[in-house]
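Student: Sequence:
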Amino acid sequence: MAAACAPPLVIPMHYVPSFKVDVRLHEPLAGGEVTPTDVEIEMMSLCSQLDVLCKKELRDQNDKKTEHGKVSSVFTDKATVVHDRMKQLLLRQKQDMSLSQYIVWRGLDKVFPRAVTFLSQPDALTQLDKKTSLDGYYQELGCMNQILSLSMQINSDLHNLSDHKYIAHQLAILYQSVTSLDAACMETYKKSIEDNFKVVKASLNEDGDGTRLLSNQHREWLINLTCSIVQILTSFPAELTQEMVQPSLALYQT
Numbered sequence: 001m002a003a004a005c006a007p008p009l010v011i012p013m014h015y016v017p018s019f020k021v022d023v024r025l026h027e028p029l030a031g032g033e034v035t036p037t038d039v040e041i042e043m044m045s046l047c048s049q050l051d052v053l054c055k056k057e058l059r060d061q062n063d064k065k066t067e068h069g070k071v072s073s074v075f076t077d078k079a080t081v082v083h084d085r086m087k088q089l090l091l092r093q094k095q096d097m098s099l100s101q102y103i104v105w106r107g108l109d110k111v112f113p114r115a116v117t118f119l120s121q122p123d124a125l126t127q128l129d130k131k132t133s134l135d136g137y138y139q140e141l142g143c144m145n146q147i148l149s150l151s152m153q154i155n156s157d158l159h160n161l162s163d164h165k166y167i168a169h170q171l172a173i174l175y176q177s178v179t180s181l182d183a184a185c186m187e188t189y190k191k192s193i194e195d196n197f198k199v200v201k202a203s204l205n206e207d208g209d210g211t212r213l214l215s216n217q218h219r220e221w222l223i224n225l226t227c228s229i230v231q232i233l234t235s236f237p238a239e240l241t242q243e244m245v246q247p248s249l250a251l252y253q254t
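Quick note: the sequence shown uses our numbering, first residue 1, plus one each step.
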């Protein structure tokens with residue numbers, strides 16, 4: 001049986017180059033004229049991204065693969081994007097020098113040795129598995145971010161949710177994060193959670209299919225606790241920024 005013949009709904013037009021859209025997905029939001037300081041800050045950010053990528057790849061891949069220069073395609077793609085952004089950024093710096101020369105000139109090789117070594121020797125990833133002054137900074141900053149996110153989430157749930165059945169689980173994770181940070185300014189919050197956790201958990205685990213709600217007393221306690229944690233973390237006290245000192249000193253001395 002012959003198919004019915006009908007004219008096409010749409011006839012595609014020929015490609016017109018003027019309609020081309022440039023992809024700016026990986027470019028910074030700030031455009032226009034940039035100062036040398038803008039370039040340096042952006043380069044530091046890119047070096048930090050590459051440093052984290054190298055560390056993650058070394059952790060995820062086994063030694064046999066990295067010894068032969070084999071890395072995952074995901075790492076290669078992401079590292080290539082960062083490297084390309086570095087080269088594009090350097091074009092905005094009105095000085096005639098290579099990427100490696102600029103990094104040494106600004107002292108970034110001392111702050112990000114892992115990233116800089118990878119840029120000069122992409123196949124020598126196994127040589128980068130050494131602890132740097134930034135490792136403690138990354139770990140502490142990640143822990144602070146987790147505590148901040150959890151505190152804000154718990155606070156939001158207490159204000160907006162009509163069922164508090166997951167609060168005890170969230171509070172347990174918050175306690176573990178506060179403990180792992182190991183900062184004197186967090187001891188008060190750690191002790192407060194220890195004193196109230198069993199009662200909170202017991203009240204939310206009571207038998208029944210109804211809605212589980214904290215008492216007004218414990219709800220107010222937890223709201224005040226999370227608000228206080230958010231306030232102290234966003235103020236960046238000296239006790240929580242000690243790991244930032246060493247990388248900063250290395251850059252300051254250049």
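Since the hints were made in silico from the structure, they are not lab data. Please read all numbers here as calculations on a predicted model, not as lab measurements. Beta carbons are placed, not taken as given, at the ideal position from N, Cα and C, and that holds for glycine. Fair warning: there could be bad hints in the mix.
[As the list claims (entries may be wrong)] Beta-carbon label-pair distances, calculated as ranges:
{"id": "1", "residue 1": "223", "residue 2": "21", "range": "43 to 49 Å"}
{"id": "2", "residue 1": "131", "residue 2": "94", "range": "34 to 40 Å"}
{"id": "3", "residue 1": "36", "residue 2": "76", "range": "45 to 51 Å"}
[What the hints assert, rightly or not] Cut-off 30 Å, straight-line C-alpha distance, at most; resulting in silico cross-link-like pairs (DSBU-like, lysine-lysine):
{"id": "4", "residue 1": "70", "residue 2": "20"}
{"id": "5", "residue 1": "165", "residue 2": "56"}
{"id": "6", "residue 1": "131", "residue 2": "94"}
{"id": "7", "residue 1": "55", "residue 2": "110"}
{"id": "8", "residue 1": "201", "residue 2": "165"}
{"id": "9", "residue 1": "78", "residue 2": "20"}
{"id": "10", "residue 1": "87", "residue 2": "55"}
{"id": "11", "residue 1": "191", "residue 2": "201"}
{"id": "12", "residue 1": "70", "residue 2": "94"}
{"id": "13", "residue 1": "131", "residue 2": "70"}
{"id": "14", "residue 1": "191", "residue 2": "165"}
{"id": "15", "residue 1": "165", "residue 2": "55"}
{"id": "16", "residue 1": "20", "residue 2": "110"}
{"id": "17", "residue 1": "94", "residue 2": "78"}
{"id": "18", "residue 1": "55", "residue 2": "20"}
{"id": "19", "residue 1": "94", "residue 2": "110"}
{"id": "20", "residue 1": "70", "residue 2": "55"}
{"id": "21", "residue 1": "201", "residue 2": "190"}
{"id": "22", "residue 1": "78", "residue 2": "110"}
{"id": "23", "residue 1": "110", "residue 2": "87"}
{"id": "24", "residue 1": "70", "residue 2": "56"}
{"id": "25", "residue 1": "56", "residue 2": "20"}
{"id": "26", "residue 1": "131", "residue 2": "110"}
{"id": "27", "residue 1": "78", "residue 2": "55"}
{"id": "28", "residue 1": "20", "residue 2": "94"}
{"id": "29", "residue 1": "56", "residue 2": "94"}
{"id": "30", "residue 1": "131", "residue 2": "165"}
{"id": "31", "residue 1": "70", "residue 2": "87"}
{"id": "32", "residue 1": "131", "residue 2": "78"}
Student: Each hint: holds or not?
Tutor: Outcome of the hint check:
| no. | hint | result |
| --- | --- | --- |
| 1 | 223 - 21: 43 to 49 Å | holds (47 Å) |
| 2 | 131 - 94: 34 to 40 Å | holds (37 Å) |
| 3 | 36 - 76: 45 to 51 Å | violated (31 Å) |
| 4 | 70 - 20 | violated (36 Å) |
| 5 | 165 - 56 | violated (35 Å) |
| 6 | 131 - 94 | violated (34 Å) |
| 7 | 55 - 110 | holds (16 Å) |
| 8 | 201 - 165 | holds (9 Å) |
| 9 | 78 - 20 | holds (25 Å) |
| 10 | 87 - 55 | holds (22 Å) |
| 11 | 191 - 201 | holds (16 Å) |
| 12 | 70 - 94 | violated (36 Å) |
| 13 | 131 - 70 | holds (21 Å) |
| 14 | 191 - 165 | holds (23 Å) |
| 15 | 165 - 55 | violated (38 Å) |
| 16 | 20 - 110 | violated (42 Å) |
| 17 | 94 - 78 | holds (27 Å) |
| 18 | 55 - 20 | violated (38 Å) |
| 19 | 94 - 110 | holds (23 Å) |
| 20 | 70 - 55 | holds (15 Å) |
| 21 | 201 - 190 | holds (16 Å) |
| 22 | 78 - 110 | holds (23 Å) |
| 23 | 110 - 87 | holds (20 Å) |
| 24 | 70 - 56 | holds (14 Å) |
| 25 | 56 - 20 | violated (36 Å) |
| 26 | 131 - 110 | holds (13 Å) |
| 27 | 78 - 55 | holds (13 Å) |
| 28 | 20 - 94 | holds (29 Å) |
| 29 | 56 - 94 | violated (34 Å) |
| 30 | 131 - 165 | violated (41 Å) |
| 31 | 70 - 87 | holds (24 Å) |
| 32 | 131 - 78 | holds (22 Å) |
Checked against the numbered hints above, the structure breaks hints 3, 4, 5, 6, 12, 15, 16, 18, 25, 29 and 30 and satisfies the rest.
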